[in-house]
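Novice: So that you can map any letter, position 56 of the sequence shown is 56 in this note's numbering, and since no number is skipped, the others follow by simple counting.
Hints should not be assumed to be uniformly reliable.
In silico lysine to any residue, SDA-like type, Cα no more than 20 Å apart, as pairs [as the list claims (entries may be wrong)]:
hint, residue 1, residue 2
1, K125, Q89
2, K163, A208
3, K125, V188
4, K125, E92
5, K66, S45
Simulated restraints on C-beta separations [what the hints assert, rightly or not]:
hint, residue 1, residue 2, range
6, A183, R94, 47 to 55 Å
7, N19, D197, 32 to 40 Å
8, Y174, Y40, 38 to 46 Å
If you're looking for bench data, these hints aren't it; they were derived computationally from the structure. Here a beta-carbon is modelled for each residue, glycine too, at the ideal position from N, C-alpha and C.
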Amino acid sequence: MGLPVATFKNATGLPHPGNTITMRELVALARHLYEAHPNYYPLYSQPEFEWNKILQRNKNPLIAAKIGVDGLATGFAEGFGFSVAASMQRGERRVYLAMSGLESEKERIEESRRVLDWAMTAFEKRRIFSDGETIGEASVYGGADSRVALVAGGPVDVLLPVKNSERLTARIVYKWPLNAPVAAGQQVGVVKLWNGDKLLREVPVETARAVDPGTLTSRALDALQELLFFWL
Numbered sequence: 001m002g003l004p005v006a007t008f009k010n011a012t013g014l015p016h017p018g019n020t021i022t023m024r025e026l027v028a029l030a031r032h033l034y035e036a037h038p039n040y041y042p043l044y045s046q047p048e049f050e051w052n053k054i055l056q057r058n059k060n061p062l063i064a065a066k067i068g069v070d071g072l073a074t075g076f077a078e079g080f081g082f083s084v085a086a087s088m089q090r091g092e093r094r095v096y097l098a099m100s101g102l103e104s105e106k107e108r109i110e111e112s113r114r115v116l117d118w119a120m121t122a123f124e125k126r127r128i129f130s131d132g133e134t135i136g137e138a139s140v141y142g143g144a145d146s147r148v149a150l151v152a153g154g155p156v157d158v159l160l161p162v163k164n165s166e167r168l169t170a171r172i173v174y175k176w177p178l179n180a181p182v183a184a185g186q187q188v189g190v191v192k193l194w195n196g197d198k199l200l201r202e203v204p205v206e207t208a209r210a211v212d213p214g215t216l217t218s219r220a221l222d223a224l225q226e227l228l229f230f231w232l
């Protein structure tokens with residue numbers, strides 16, 4: 001799941017010296033819960049339920065605020081302060097938030113609302129590449145064709161500040177050259193998206209079609225070209 005630091009020594013979430021997790025990992029875990037268990041995720045936004053004739057209220061105060069928050073949990077531990085892992089949905093946009101070290105429950109509520117509202121209003125989604133759109137080419141060694149188009153596996157979107165003055169750039173990174181035969185849909189590298197000097201995303205790129213091995217003559221010419229390249 002991509003949680004290299006996360007370690008759980010109990011199933012309750014109660015303080016334990018062996019429990020470790022980063023805020024980034026909490027966000028990744030929240031996203032995983034939403035995507036992998038859509039049938040159970042609505043339980044986080046349930047305001048209350050009754051069990052064994054005892055009414056249990058949701059302890060997440062952001063749920064009752066009716067601002068679009070639909071998860072997840074709040075916590076407190078001596079020496080670590082108040083914490084929160086939250087998710088919010090407005091329209092098609094979904095954001096996740098994880099914070100800790102807050103000094104009071106009041107600060108937790110106010111800061112969570114402020115950050116969530118900022119995330120929803122200060123950014124806009126921009127589609128960089130459409131599904132199946134050619135985003136570049138890769139050289140093919142020993143193939144019937146010398147180059148093959150590269151595409152992303154699906155639409156590629158990024159969130160940018162509404163008042164963005166930075167230049168958006170993209171760079172394809174792959175190991176040159178590809179060796180024929182090349183299969184269609186073969187992952188060969190990544191495209192890195194930058195906003196100014198800040199890396200936004202890394203998205204896998206794959207070949208748009210297959211490339212069969214070339215003739216003996218074409219392979220010989222490719223070998224000569226590669227030799228000259230390394231010689232120079």
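Novice: Next step is simple, just say for each hint if it's right about the structure.
Specialist: The hints, checked one at a time:
no. : hint                   : in the structure
1   : K125 - Q89             : holds, 14 Å
2   : K163 - A208            : violated, 35 Å
3   : K125 - V188            : violated, 27 Å
4   : K125 - E92             : holds, 10 Å
5   : K66 - S45              : holds, 10 Å
6   : A183 - R94: 47 to 55 Å : violated, 34 Å
7   : N19 - D197: 32 to 40 Å : holds, 35 Å
8   : Y174 - Y40: 38 to 46 Å : holds, 39 Å
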